[in-house]
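Put together the whole structure using the sequences plus the hints.
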Amino acid sequence: MSFIWHTYHINTPTKSFLWLIQTLKCSQKEAQRILDKCRLVQNGIPIHKSQIISGEVKLLEFRPQTLQIPKILQTPYFVIYDKPHQLLTHPKGIHQHLSLCDSLKAEFGNGANPIHRLDFETRGLVLCGIDKKYESALKALFETNQVQKTYIARVRGHLTEARLIDAPILVPPKDKKSKNLAIRSSISPLGKPSQTHITPLRYDPDTDTTLLEVRPITGRTHQIRLHLHSIQHPILGDPLYGSSDTDSMAFLDNGMSTEERAHHFGSSYLHLWAYGLEFGIFGREYKIFLNSCYDCIFYPKDLT
13 MSFIWHTYHI NTPTKSFLWL IQTLKCSQKE AQRILDKCRL VQNGIPIHKS
63 QIISGEVKLL EFRPQTLQIP KILQTPYFVI YDKPHQLLTH PKGIHQHLSL
113 CDSLKAEFGN GANPIHRLDF ETRGLVLCGI DKKYESALKA LFETNQVQKT
163 YIARVRGHLT EARLIDAPIL VPPKDKKSKN LAIRSSISPL GKPSQTHITP
213 LRYDPDTDTT LLEVRPITGR THQIRLHLHS IQHPILGDPL YGSSDTDSMA
263 FLDNGMSTEE RAHHFGSSYL HLWAYGLEFG IFGREYKIFL NSCYDCIFYP
313 KDLT
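Mapping of the sequence shown onto my numbering: position 258 corresponds to residue 270, and the numbering continues sequentially without gaps.
No lab work stands behind these hints, which were simulated from the structure alone.
Remember, predicted model here, so these are calculated numbers, not experimental data.
Misleading hints may appear alongside valid ones.
EDC-like, lysine to aspartate or glutamate: derived pairs with alpha carbons at most 16 Å apart [as the list claims (entries may be wrong)]:
| # | residue 1 | residue 2 |
| --- | --- | --- |
| 1 | 27 | 48 |
| 2 | 61 | 48 |
| 3 | 151 | 178 |
| 4 | 104 | 143 |
| 5 | 204 | 178 |
| 6 | 37 | 73 |
| 7 | 104 | 73 |
| 8 | 145 | 42 |
| 9 | 144 | 271 |
| 10 | 83 | 119 |
| 11 | 70 | 48 |
| 12 | 151 | 290 |
| 13 | 104 | 131 |
| 14 | 144 | 119 |
| 15 | 27 | 68 |
| 16 | 83 | 94 |
| 17 | 49 | 73 |
| 18 | 299 | 94 |
| 19 | 37 | 143 |
| 20 | 41 | 178 |
Now the structure itself:
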């Protein structure tokens with residue numbers, strides 16, 4: 013992904029937000045967002061929404077790169093991708109981080125957007141809208157808890173019984189998040205109600221790990237990772253929850269090689285897969301499962 017400054021020459025004086033709407037074929041809300049983020053400038057000075065502009069202006073635009081991300085399902089309304097481990101769902105500011113949005117917007121245009129998100133570390137199903145006119149209906153499914161999500165996780169230790177983890181989660185405010193341990197969510201009476209149902213599927217005595225089916229009832233940041241850590245069964249390969257503060261800080265500050273990560277956290281990647289999405293929309297019912305990943309989830313040849 014890259015944001016690039018593009019130069020435009022405006023012959024007829026026009027209000028800035030109208031020029032953006034006409035040039036980018038975007039909504040007034042999107043034009044306002046561009047102006048609020050100071051992505052339209054003239055002579056190096058950000059342009060405000062009521063300003064009349066003419067002559068040379070520069071616009072910071074998103075230029076996606078095509079990535080080879082598998083599509084699980086495509087309809088006239090949405091597409092579902094199998095997002096790899098260690099890939100952002102959305103671009104991170106204007107920095108040059110690749111994300112799922114690269115493939116999405118490269119194929120379907122700037123009007124296509126992810127409807128929900130997965131952690132950078134998590135692999136699995138992400139539903140994306142491909143046409144703005146259907147986006148609000150798709151988002152409403154998640155906002156009103158009409159989507160049943162199923163995850164598969166490999167955790168440390170032996171679990172034998174299904175249970176509901178009911179523990180409130182406090183998510184750090186955005187202005188406190190930085191590249192340190194403040195990005196961790198926490199179990200706290202000050203947090204929001206949070207529930208996760210887990211069902212053991214298989215125990216592997218050779219690695220002392222248990223494979224779980226996980227169904228989050230709520231959707232807090234890092235909910236599954238934190239809830240499993242809170243019952244002393246952290247997810248294998250998790251660099252934030254279930255490891256020492258020293259190791260987590262080393263990972264966040266400097267990154268780690270594949271070998272170093274496997275040594276400190278038990279695996280070079282997080283053993284969490286967004287495995288299933290079930291929902292109904294536009295007169296149809298959908299039950300989507302990540303069967304292409306069945307072997308790597310249930311029969312991993314190499315946990316590192």
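How the hints compare with the structure:
1. Proposed proximity of residue 27 and residue 48 is supported: the alpha carbons are some 15 Å apart, at most 16 Å.
2. Of the supplied pair hints, the one linking residue 61 and residue 48 holds, its CA atoms being roughly 8 Å apart against a limit of 16 Å.
3. Our distance criterion of 16 Å between C-alpha atoms is broken by residue 151 and residue 178, whose separation comes to about 25 Å.
4. Using a Cα cut-off of 16 Å, the hinted pair residue 104 and residue 143 is violated, with the two alpha carbons roughly 22 Å apart.
5. Pair hint residue 204 plus residue 178 holds up; C-alpha atoms about 11 Å apart against a cutoff of 16 Å.
6. A threshold of 16 Å between alpha carbons decides the hint, and for residue 37 with residue 73 the separation of about 13 Å falls inside it, so the pair holds.
7. For the hint linking residue 104 to residue 73, the alpha-carbon distance of about 14 Å falls within 16 Å, and the restraint holds.
8. Under the criterion of a C-alpha separation no larger than 16 Å, the hint pairing residue 145 with residue 42 is consistent with the structure, at around 14 Å.
9. With a C-alpha separation of about 43 Å, the suggested pair residue 144 and residue 271 falls outside the 16 Å cut-off, and the hint is violated.
10. With a C-alpha separation of about 12 Å, the suggested pairing of residue 83 with residue 119 holds against the 16 Å cut-off.
11. In summary, the hint linking residue 70 to residue 48 is supported, as the alpha carbons are separated by about 15 Å, within the 16 Å threshold.
12. Distance hint between residue 151 and residue 290 is fulfilled; the C-alpha atoms sit about 14 Å from each other, no more than 16 Å.
13. Of the pairs offered as hints, the one joining residue 104 and residue 131 holds, with about 12 Å between alpha carbons and a cut-off of 16 Å not exceeded.
14. Of the pairs offered as hints, the one joining residue 144 and residue 119 holds, with about 15 Å between alpha carbons and a cut-off of 16 Å not exceeded.
15. Taking the CA atoms of residue 27 and residue 68, the gap is near 14 Å; set against the 16 Å cutoff, the hint holds.
16. For the hint pairing residue 83 with residue 94, the CA-to-CA distance comes to about 6 Å; that is within 16 Å, so the pair holds.
17. Pair hint residue 49 plus residue 73 holds up; C-alpha atoms about 12 Å apart against a cutoff of 16 Å.
18. Restraint check for residue 299 and residue 94: satisfied, since their Cα atoms lie roughly 15 Å apart, inside the 16 Å limit.
19. A distance of roughly 13 Å separates the Cα atoms of residue 37 and residue 143; the hinted pair therefore holds under the 16 Å criterion.
20. For a cut-off of 16 Å, the pair hint linking residue 41 to residue 178 is broken: about 38 Å separates their Cα positions.
The structure does not agree with the numbered hints 3, 4, 9, 20 stated previously, though it agrees with the rest.
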